[in-house]
Structures are given as structure tokens and as C-alpha cells.
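Go ahead and model the full structure; you've got the sequences and the hints to work with.
Protein chains: 2
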Amino acid sequence: MTTTDGDVHPVIDSAISVGIVEPQTLIFDQSLELACGRSLPGFELVVETYGELNADHSNALLVCHALSGDHHAAGYYPGEQRPGWWDQHIGPGKPIDTNHFYVVSLNNIGGCSGSTGPTSINPDTGQPWGPDFPIVTVSDWVKSQALLADRLGIGCWAAVVGGSLGGMQALQWAIDYPDRVASALIIAAAPKLSAQNIAFNEVARRAIMSDPDFHDGRYAQQAAIPRHGLMLARMVGHITYLSDDMMRQRFGRELREGKVNFGYDVEFQIESYLRHQGETFVDRFDANTYLLMTKALDYFDPADVHGGDLSQTLANVTARFMVVSFTSDWRFSPARSREIVAALHQGRKSVSYAEIDSPDGHDAFLMTDQKYDTCLRSFLEQNQTRGAAA
Amino acid sequence: MTTTDGDVHPVIDSAISVGIVEPQTLIFDQSLELACGRSLPGFELVVETYGELNADHSNALLVCHALSGDHHAAGYYPGEQRPGWWDQHIGPGKPIDTNHFYVVSLNNIGGCSGSTGPTSINPDTGQPWGPDFPIVTVSDWVKSQALLADRLGIGCWAAVVGGSLGGMQALQWAIDYPDRVASALIIAAAPKLSAQNIAFNEVARRAIMSDPDFHDGRYAQQAAIPRHGLMLARMVGHITYLSDDMMRQRFGRELREGKVNFGYDVEFQIESYLRHQGETFVDRFDANTYLLMTKALDYFDPADVHGGDLSQTLANVTARFMVVSFTSDWRFSPARSREIVAALHQGRKSVSYAEIDSPDGHDAFLMTDQKYDTCLRSFLEQNQTRGAAA
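Residue numbers (the numbering used here), protein chains in the order written: chain A, 1 to 390; chain B, 1 to 390.
Quick caveat, the hints were computed from the structure, so don't treat them as lab data.
Careful, some of the hints might be misleading.
Intra- or inter-copy, both count: the list cannot distinguish identical chains.
As the list claims (entries may be wrong) - Pairs of lysine-lysine residues, derived as DSS-like cross-links and limited to a Cα-Cα distance of at most 30 Å, are as follows:
1) K371 <-> K259
2) K143 <-> K371
3) K371 <-> K349
4) K192 <-> K259
5) K143 <-> K259
On a predicted model such as this, the values are computed, not experimentally measured, just so you know.
Written out as C-alpha cells, the structure reads:
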């Protein structure tokens with residue numbers, strides 16, 4: 001649709017879209033004790049909601065975001081072309097059906113999209129927190145999300161849903177607040193990172209921290225941005241999000257100009273794609289947040305308190321679970337999802353498991369696929385109103 | 001063995017070691033035309049040889065090195081603790097048996113261990129070549145190695161042997177000089193890089209080139225070294241050399257100090273290992289050479305001239321082949337080796353194939369393993385004296 005101002009606006013079909021959305025900022029005055037031993041004197045969360053909360057507050061569904069995600073999961077901002085990051089899955093008649101669910105999506109603490117994080121002002125100094133912002137954990141996020149649930153009058157979520165790092169939050173919710181989660185949908189996740197996963201995160205952190213524009217994390221005060229480091233971090237990450245097969249299908253060894261030029265400029269299409277991914281990421285993401293998010297991933301290991309026995313950690317969970325993985329995901333492979341399933345089975349918990357045949361690697365959790373769609377739909381339809389008011 | 005100067009020297013068992021070795025530099029005055037269209041007015045190659053060339057020059061075996069390798073493949077330098085990079089496989093009674101073979105190992109053109117490369121002086125300017133050194137290809141290397149064979153009086157190699165990028169050289173030899181290679185042993189290689197392989201190389205190049213100490217490749221003139229970039233490049237590379245399983249077995253999620261410290265210093269053992277790998281690499285390797293080697297890898301695609309049909313490219317090869325892969329190698333997986341085997345089978349060429357069960361990833365080609373040992377031994381014993389004099 002072209003408007004009189006000449007901009008092209010998307011045609012929003014209200015039959016399947018939540019439409020134009022507006023985030024809101026919720027202020028929490030209470031202190032939040034963190035796993036690291038420090039505390040935040042108070043914090044803000046930027047939140048979007050889609051659908052209507054029903055009378056007995058039993059239809060609330062929490063969406064948890066992954067490493068580089070935010071609160072804008074569905075619908076459109078005025079004048080913007082692209083909808084939220086999970087718009088394919090959230091809306092009227094979609095798997096996360098806003099005709100039934102009251103969907104809550106937030107930017108996590110430590111993020112850089114409006115919630116309290118490294119780019120916020122540290123009240124003690126009047127300067128941006130930067131590198132002084134505490135390293136938060138998945139449990140810290142879940143704790144802050146529980147305070148959000150209190151604020152919204154939600155005693156028990158009908159469902160907590162997330163992919164990747166978001167799936168880890170769904171798992172942690174079921175562990176930390178067993179009576180506040182009726183169902184948990186854990187997609188493309190793992191019960192903890194492997195040494196290889198940590199190794200890739202470490203390369204990303206080194207890239208950021210060795211950029212001279214990083215200034216020990218105080219780049220904002222220097223009006224600098226560690227662009228090259230953050231770009232490299234994103235490029236490394238992006239390789240692990242895509243499958244080798246999908247890269248082959250999409251880029252192969254295609255040359256941008258049809259022939260090699262014996263120089264170091266972009267030659268292969270895959271190089272061009274990766275650089276573009278890196279460059280656009282730098283414009284929207286904060287380097288200190290990236291560092292902090294990778295650490296939250298590395299530290300996630302809920303079984304550690306029980307000597308590595310995940311089934312013991314899950315002894316008190318009461319939620320119904322669904323675990324979903326994708327065949328070509330080598331970041332968090334199906335085998336890692338099956339570890340979660342096995343631990344739930346061992347404790348005689350309710351769990352269904354779907355391994356979706358997909359060429360799209362880890363990124364498959366963000367995409368649409370008929371089988372994936374059917375799995376989410378079937379599981380969530382059975383859990384539409386199992387939540388409760390606070 | 002501790003000597004009177006207090007240094008600990010290795011005990012060299014001459015029954016299984018080639019002993020103390022000394023590299024020699026061979027000077028070639030002829031011009032070398034390169035695939036890029038440029039030429040080198042002349043060049044030097046640093047070479048080591050082990051064993052004795054027999055009377056009819058039929059027992060010569062060429063070892064080709066991989067990305068970060070050099071000419072020092074076996075034996076010891078005086079006073080040094082560590083032998084050459086393939087010492088486990090080269091020596092009297094070892095799979096590459098110096099009782100039978102005259103083994104030739106060189107540092108390739110473009111390298112940084114003494115052969116003509118970016119750190120050499122450009123005769124036109126009197127300055128180090130640096131970034132002006134031409135990007136060389138696998139075919140260029142093979143051409144320079146053929147001139148080396150001429151110099152040594154070797155008309156036909158009994159065997160050309162290499163792992164990874166070295167295996168690509170062995171394949172190219174059989175294609176470019178079918179009458180000068182009696183047998184080719186191609187280990188942990190691929191007929192061309194995948195988009196994912198190129199992507200990892202591109203990240204490594206970006207890391208080096210975006211380091212402010214890179215100075216457009218003229219860091220030597222600035223008395224600088226792009227340490228951080230080269231370190232990152234090596235760290236990324238190293239992750240792809242190891243298998244996920246091997247990393248799990250060797251490092252798991254072990255913490256250096258037993259607990260997390262909520263900071264960005266090294267915490268997990270895998271981080272410590274990777275940083276160490278990166279740091280030691282910087283002391284021995286040149287950044288411009290690293291760039292050039294990754295490009296040689298990216299460009300390698302011998303089937304391209306026949307529209308991607310490798311069997312057509314291999315139509316005129318006469319060598320006996322052995323192709324070896326390792327189950328946990330995800331850089332160049334067994335499936336990639338099988339592509340070479342299939343193309344050889346299609347052309348009714350002599351080829352045997354071994355897929356070695358190993359947890360050590362791509363690095364397995366550098367290690368010893370009984371089955372691997374037996375494969376090399378069995379193939380090479382059958383090809384000990386099939387070479388010929390020039």
C-alpha cells in the first residue's frame with residue numbers, strides 16, 4: 001500500500017495479524033536480588049501484549065526471547081515494513097492464537113531495547129551502566145518475569161514459550177515456579193551449553209572486547225561503538241544459526257561477479273550475506289548486552305545444583321511439556337533436546353517431543369513450517385485456559 | 001636427557017626417528033606464472049628431506065602441508081623439544097617409512113616459514129611484499145613443487161601425500177601432472193569448500209583485516225602485528241578442527257576455578273585452551289600468509305573447469321588413490337571425501353577409501369591411531385618404488 005507520503009506501508013490483514021502494536025514500559029521500584037550476589041535497586045521492563053486477558057486470568061502466555069531478540073514479537077510499529085520477530089506464529093488463528101491467548105512479550109533485563117540494561121543510566125553514577133551492569137542469569141530473568149506476572153495479575157501462565165535461550169527460560173520457569181506454569185513449550189534449546197557452544201561464545205566476546213573502540217565497555221562515554229568486534233561476533237553467531245545444507249542450497253559457491261578476483265573484497269555470495277548480517281546488527285544492538293547474553297547462555301545449567309542430574313532438578317515440575325527440535329540444527333541439536341525429554345520421562349512428567357525435519361538449522365525456530373505449525377497448535381490448543389489469576 | 005647447559009633435550013631414538021634435521025633453501029631463478037595472471041620473477045623454497053633417494057629415483061614421496069603447516073614435518077631441530085608436525089607418521093618403520101622412501105617436505109610459496117611469501121622482500125620495492133604478494137592457488141603450489149621435483153631429479157613421485165589443504169594439493173598433482181604421480185594419498189580433504197567453510201574463512205579474514213594493527217597489510221613497516229585479529233582467526237579455525245564430542249570429553253564445562261565469577265575473564269577450561277591456541281599462533285605465523293592460505297582454500301575447485309563434474313576433471317589421472325576421512329571431522333566430513341571417491345569410481349580409477357572411526361575431528365589427520373596407521377602403511381607399502389627419475 002503506497003500512501004500519500006510516498007512510503008510503502010504493509011497491508012495489515014487484521015484476520016491474521018495483531019495489527020499495529022505499541023510497547024509499554026513498566027517500572028518496578030522493588031530491589032531485585034541477582035544470582036551474582038548484587039542487586040538492582042529497581043528496574044524497567046518494556047512489554048508488548050497481544051490479545052485480551054480473560055476474566056479469570058487463565059489465558060496468559062509468556063513469550064521469552066533469545067540472544068538478540070526483544071519484546072517486539074508480533075504486529076507492526078506505525079510506518080514500519082517488518083513485523084515482530086515471531087509474527088508468523090503469533091496472531092489471530094496462528095499457532096499462538098491471540099483469539100484465545102493473552103500473549104505477553106518483554107525485553108529482558110540486560111537487554112538493549114528499552115528494558116534496564118547496560119545502556120540505561122546507573123542511578124549511582126548518572127552515567128550509562130555499560131560494563132558495570134551485573135551479569136544476569138536465566139533464573140534472574142525468570143524472577144523478573146514473575147514480578148511482571150504479579151503486576152499483570154497473572155498467577156499462573158497457561159503457557160511459557162520460547163526458542164533457543166528463550167526455551168531455556170521456559171524450562172527455568174517450570175523449575176523455579178512449578179505452580180505458576182501450566183505448560184512449557186521449549187523449542188531448539190539445550191539443558192546446558194556444550195564446550196563447543198561456549199567456545200563460539202568466547203570467540204564472539206574476544207572479538208568485541210579486543211576492538212579498540214570497546215574502551216573496556218565504556219564506549220558510550222567516548223562516543224564510540226565497537227563496530228568491527230560486534231560485527232564479527234554476529235558473523236560467527238550467524239554461521240552457527242544456519243545449517244551447512246541450507247547454506248549450500250542458498251549460497252553454494254556462487255560468486256558475486258561470476259569470477260574470482262584474487263583480492264580480499266567480497267567474492268562469494270555467502271561472504272556478502274554474512275557481512276550484511278554483521279553490519280545491520282551493529283546498528284540495532286549493544287555490545288555490552290551481547291557480552292552479557294552470551295554469559296547467560298554459558299552459565300545456564302539447571303542440573304548443576306543436583307550434580308548434573310537434570311531429572312532431580314525437574315523432580316517438582318508440574319507443567320505439561322512440549323519439546324521441539326529441528327533435524328539440521330547443529331547449534332542445539334535434536335540430541336540436546338532429547339536430553340531434556342529423557343530427564344522428564346525419567347521423572348514420569350508429561351512431555352511430548354517433536355523433531356521437525358528442516359533444512360534451516362537453528363534459525364528454523366523462527367520460521368514457518370507446516371509440521372512445526374501443527375505441533376505448536378496441537379500442544380497449545382490443549383493448554384489454552386489452564387492458567388490462573390494471581 | 002639433561003645436558004650440561006641445563007636444558008632438557010629429547011631422547012631421540014634413531015630406530016624410529018629421522019633424528020636431527022636441517023632445512024635447506026633452494027633458489028629458483030625462473031619466472032613462475034601464477035593463476036591470478038601475475039608472475040613471480042623467481043622464488044625460494046625451504047625444504048627438508050628424510051631418507052635416501054635410491055639409484056633410479058623411484059622412491060620419492062612428497063608431503064604437502066595444510067593451512068598453518070610448514071616444511072618441518074619430521075625429526076628435531078637441535079635443542080628443540082617438539083619434533084616436526086607429522087613426526088608420528090614419518091620415520092624409520094613408520095607409515096611413511098624413511099627406510100624405503102625419500103621424503104620431501106617443503107614450505108609452500110606464500111608461506112611464512114622461509115619460502116618466498118608476504119614476509120619476503122619484494123625485489124621491485126626493497127620492502128616486504130606484505131599485501132602485494134599475489135594470491136596463489138593450489139595449482140600454483142603444485143607447479144612450484146614440480147619445479148622442485150625437477151631440481152631434485154624426480155620425474156615421477158612414488159607418492160604425493162597430504163591432509164586437509166595438503167590433500168587438495170595431492171589431488172591437484174594427480175590432475176595437473178598425471179604422469180608424474182604414481183600414487184596419491186588424500187586425507188581429510190574435500191573436492192571444494194562448502195559455503196559454511198568459506199563463511200568461517202571469511203570471519204577469520206575480517207578479524208585480521210579489521211584489526212587496526214593490520215594497516216592494510218603493511219604492518220611490518222609500522223613495526224606492528226595484528227595480534228588480536230590473527231588470534232581470533234586461529235580461535236575460530238581451531239573450533240572447526242575439533243569435534244564437539246572431543247571438546248566435551250577433554251574440556252566439558254570444567255571451570256578453571258571451580259565456580260563462575262560473573263565476569264569476562266577466562267572461566268571455562270575451553271576458553272583458556274582457545275586463548276592459548278590463539279596467543280601461541282600469533283608468535284609463529286604471519287597474518288598476510290593466513291589471508292592468502294584461506295583464499296587458496298576458498299578458490300580450490302578443480303571440477304569447476306568441467307562445469308562441476310569432478311569425474312571429467314579426473315578423466316586423465318593415472319595415479320592409484322587412497323582417500324581417508326575421519327568420522328567426527330565436521331570441517332571436511334567423510335561425505336566430502338566420498339565425493340572424491342565417487343568421482344574416481346565413476347571414471348574406473350584405482351581408489352581405496354578408509355573412513356576412520358575417530359573422536360578427534362579434523363585434527364585426527366595429525367594424530368596416530370592404529371587403524372589410520374594400518375591404512376597408510378598398507379597403501380604406501382604397495383607404492384614404494386613406482387616413481388621414476390626425471
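Here is what the structure says about each hint:
| no. | hint | result |
| --- | --- | --- |
| 1 | K371 <-> K259 | neither (40 Å within a copy, 42 Å between copies) |
| 2 | K143 <-> K371 | neither (33 Å within a copy, 53 Å between copies) |
| 3 | K371 <-> K349 | within (24 Å within a copy, 45 Å between copies) |
| 4 | K192 <-> K259 | between (43 Å within a copy, 16 Å between copies) |
| 5 | K143 <-> K259 | between (55 Å within a copy, 22 Å between copies) |
Hint compliance for this structure: hints 1, 2 are not met, and every other hint is.
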